[in-house]
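Protein chains: 2
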Amino acid sequence: MPLPFRVSATCPGSRARRGSFLTSHGRVETPVFMDVGTRATVTDCAPADLKSVGAQVLLGNTYHLMLRPGVEAFRRLGGIHKFMGWSGPVLTDSGGYQIFSLPGSRTVTEKGARFKGYTDQQMHMLSPERAIEVQTAIGSDIMMVLDECIDSMSDEPTTRAAMNRTHRWALRSLNARTNPAQALFAIVQGGVVPQLRRESAAFLTPHPFDGFAIGGLAVGDSRAQREDVTALAAELLPPDKPRYLMGVGTPPDLLNAMLAGVDMFDCIIPTQLAAQGTAFTSTGRVRLTRTQNFLADEPLDATCACATCTTFSRAYLHHLFKAREPLGPRLVSMHNLHAYHVLMAESRSAIENGTFASYAKERLDAIDRHEHSSTRFGEVR
Amino acid sequence: MPLPFRVSATCPGSRARRGSFLTSHGRVETPVFMDVGTRATVTDCAPADLKSVGAQVLLGNTYHLMLRPGVEAFRRLGGIHKFMGWSGPVLTDSGGYQIFSLPGSRTVTEKGARFKGYTDQQMHMLSPERAIEVQTAIGSDIMMVLDECIDSMSDEPTTRAAMNRTHRWALRSLNARTNPAQALFAIVQGGVVPQLRRESAAFLTPHPFDGFAIGGLAVGDSRAQREDVTALAAELLPPDKPRYLMGVGTPPDLLNAMLAGVDMFDCIIPTQLAAQGTAFTSTGRVRLTRTQNFLADEPLDATCACATCTTFSRAYLHHLFKAREPLGPRLVSMHNLHAYHVLMAESRSAIENGTFASYAKERLDAIDRHEHSSTRFGEVR
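Those protein sequences? They're chains A and B, same order as listed.
In terms of my numbering, the numbers along the first sequence are unbroken and rise by one, the last being 1317.
In terms of my numbering, the numbers along the second sequence are unbroken and rise by one, the last being 1317.
Just so you know, these hints were derived from the structure itself, not from any lab.
Given the structure is predicted, the values throughout are model-derived calculations rather than measurements.
Check each hint, because a few of them may be wrong.
Which copy is meant is left open, so a pair is good if it fits within one copy or across any two.
[As the list claims (entries may be wrong)] Using 16 Å as the maximum straight-line C-alpha spacing, the simulated EDC-like pairs for lysine to aspartate or glutamate come out as follows:
#1 1047 with 1069
#2 987 with 1091
#3 1258 with 985
#4 1018 with 1008
#5 1258 with 1056
#6 1018 with 1234
#7 1018 with 1233
#8 1297 with 1176
Bound-form chain A, shown alone (with noise of 0.2 Å):
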């Protein structure tokens, strides 16, 4: 077992649980958001940034980082830990969702996914085995199996046969690992036909996998359906082992996963809105290009203890982005990840008290009012 994970605490009115699991680069607590550094770094953001944030775990992303720097250079430079500085854990998403949603032609047969690689215009396959070897090379903490990626909209056929498809991949994933040390989680998928989720995770549960993921839930779905398909491959899935949520998002989404007893994350949304001069605060979204904060001489949030809330105002930050400095997106960057990791902070802390519960009602009650006033917080857009 490379990733022995320990629930620590439950607590009352929900499926929420405390928990850690080690890696060979350090302990992770769970609740964990784990922030997304696909191409080896986090926008702008240096090792010591995310440190100073409360990151505990970055992503890597396969697809990416076969194509730049490729399987060779970790190979010959020693991992992806020692390549980008980073001494903590990381987790390395397959690429099956990369495959499925960037533009450039692909066929995807029983063998994997062959593509054209957007940085030597060259034909490359991501194979289930192709996949581990990469991430082999890259030294990841956790690894993913390759999944087959489709619309959550597609009719049922389809759904199931991308699902039955990723079944046998994630068994053939298991049989082409090679280092032990390296977890390896499984993809529950199935859209948001809930028998398929049942399917999937009766399939792929009884595997010696180290974790499980929910996948498939970043793609055109509502925030109803992320919430119910969430909530039921969940409950699904055992006790035991950590249980990830893939590309979901928003501070409420975080919040009903982990009420749903969901302990990983990731999503780009912080970073992403970020580089447009959204940002969020305890008063909700803030859009830093407005005009309002022009003359605005105050920070970013009063309640935040980030450095960009403590150093600098609304105005500054307002400058920055009309002057299409990068120090902009930098530091709201840094902002949301920090207001990320202070949303994880006290949901495990209320766990730990037993008052998750009513905190993450506060949580989301607050953010819904914030919703319906000027600011929005909740939703993508």
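On the provided structure of chain A, position chain B as indicated by the hints.
Okay, now just chain B, sitting in the frame of chain A:
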């Protein structure tokens, strides 16, 4: 006298001098390299980053800052130090060079420069009096007079006319000053004509400016001309006031100008070259985008103590530039600025120890050697 300047050591075999001056925002040790933060930000470097690489003084630009965020913002928000979160000294250039060098319609008359603003498409007037008014609102510790900049290859009558206008504008600037706590520097002009440089220094130095700059040397001239004019102009300036060589230059430029007795410098080269992936190292310039860095598992500069060199490999920096990730320019900017500040700190020590002439010769010889090997360190291309 808002800027008491004290020379604490001179150095045998050169005109180099070690000094310091006091501003409302702290003491500055000279010779000093000032980091260029045109729009109230040094590209992608937060104030804490700048402190960590040894920055003493930041440079703002009147032309850019009067357009965005504008005078009213500085008046309402309390000046540039608070605005950008930098508690150390700030020098503001007057905008004369931007009026000359940036594209767009403008008319320069005796009154000042009329130009169309790139932020609002409105007509603006930048006169000597307005430049002081704007710099007063910005609240910089050192203001520069508005000067008329021309191509340094202009004929003598043109150069003389611009010089004479610069002199008249300098006296109007002196009269327009309202805040005695802000120092004001005049700018010696005269292109590459020694006699004009003599006339300019002779005209300006009797007036109660707090320091004197050597202007007009970043445009179209050769390194030899820069050196000759700098040496001459520095010699003509009073020994009891700081001498500031504007917008120049490379490490050899700095070393030669310090030998000639210059105390203050600024230049965009360290950050501009960083944006392209070029780093200044002890073994010459390194272009990180080159294929030879793809698998280079070594620091950018093994002799450098900056966070970039002690944390990351050339291979990782190469990857960041290939992937167009903003962390690349940021990390190399930090390294280049650190290298510049180390050069200045070593120079200050060498002047104190009376060894600067040999230190400078050693550095210049080393740079020459690298220029004649595969990488080049000294010249801007």
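So, going through the hints one by one against the coordinates:
In the homo-oligomer, the alpha carbons of residue 1047 and residue 1069 lie at most 16 Å apart inside one protomer (15 Å), although the nearest pairing across protomers, at 71 Å, exceeds that limit. When the C-alpha separation of residue 987 and residue 1091 is checked against a cutoff of 16 Å, the pair qualifies neither within a copy, at 43 Å, nor between copies, at 58 Å. With identical chains, the CA atoms of residue 1258 and residue 985 are never at most 16 Å apart, being 24 Å at best within one copy and 22 Å at best between copies. Taking CA atoms no more than 16 Å apart as the test, residue 1018 paired with residue 1008 passes inside one copy only; the shortest distance there is 15 Å, against 48 Å between copies.
For a Cα distance limit of 16 Å, the shortest separation of residue 1258 from residue 1056 across copies, 12 Å, qualifies, whereas the shortest one inside one copy, 35 Å, does not. Only between protomers do residue 1018 and residue 1234 lie at most 16 Å apart by alpha-carbon distance; the minimum there is 12 Å, versus 39 Å within a single protomer. Only between protomers do residue 1018 and residue 1233 lie at most 16 Å apart by alpha-carbon distance; the minimum there is 10 Å, versus 41 Å within a single protomer. Proximity of residue 1297 and residue 1176 under a CA criterion of 16 Å is satisfied in neither setting, with 26 Å inside one chain copy and 69 Å between copies.
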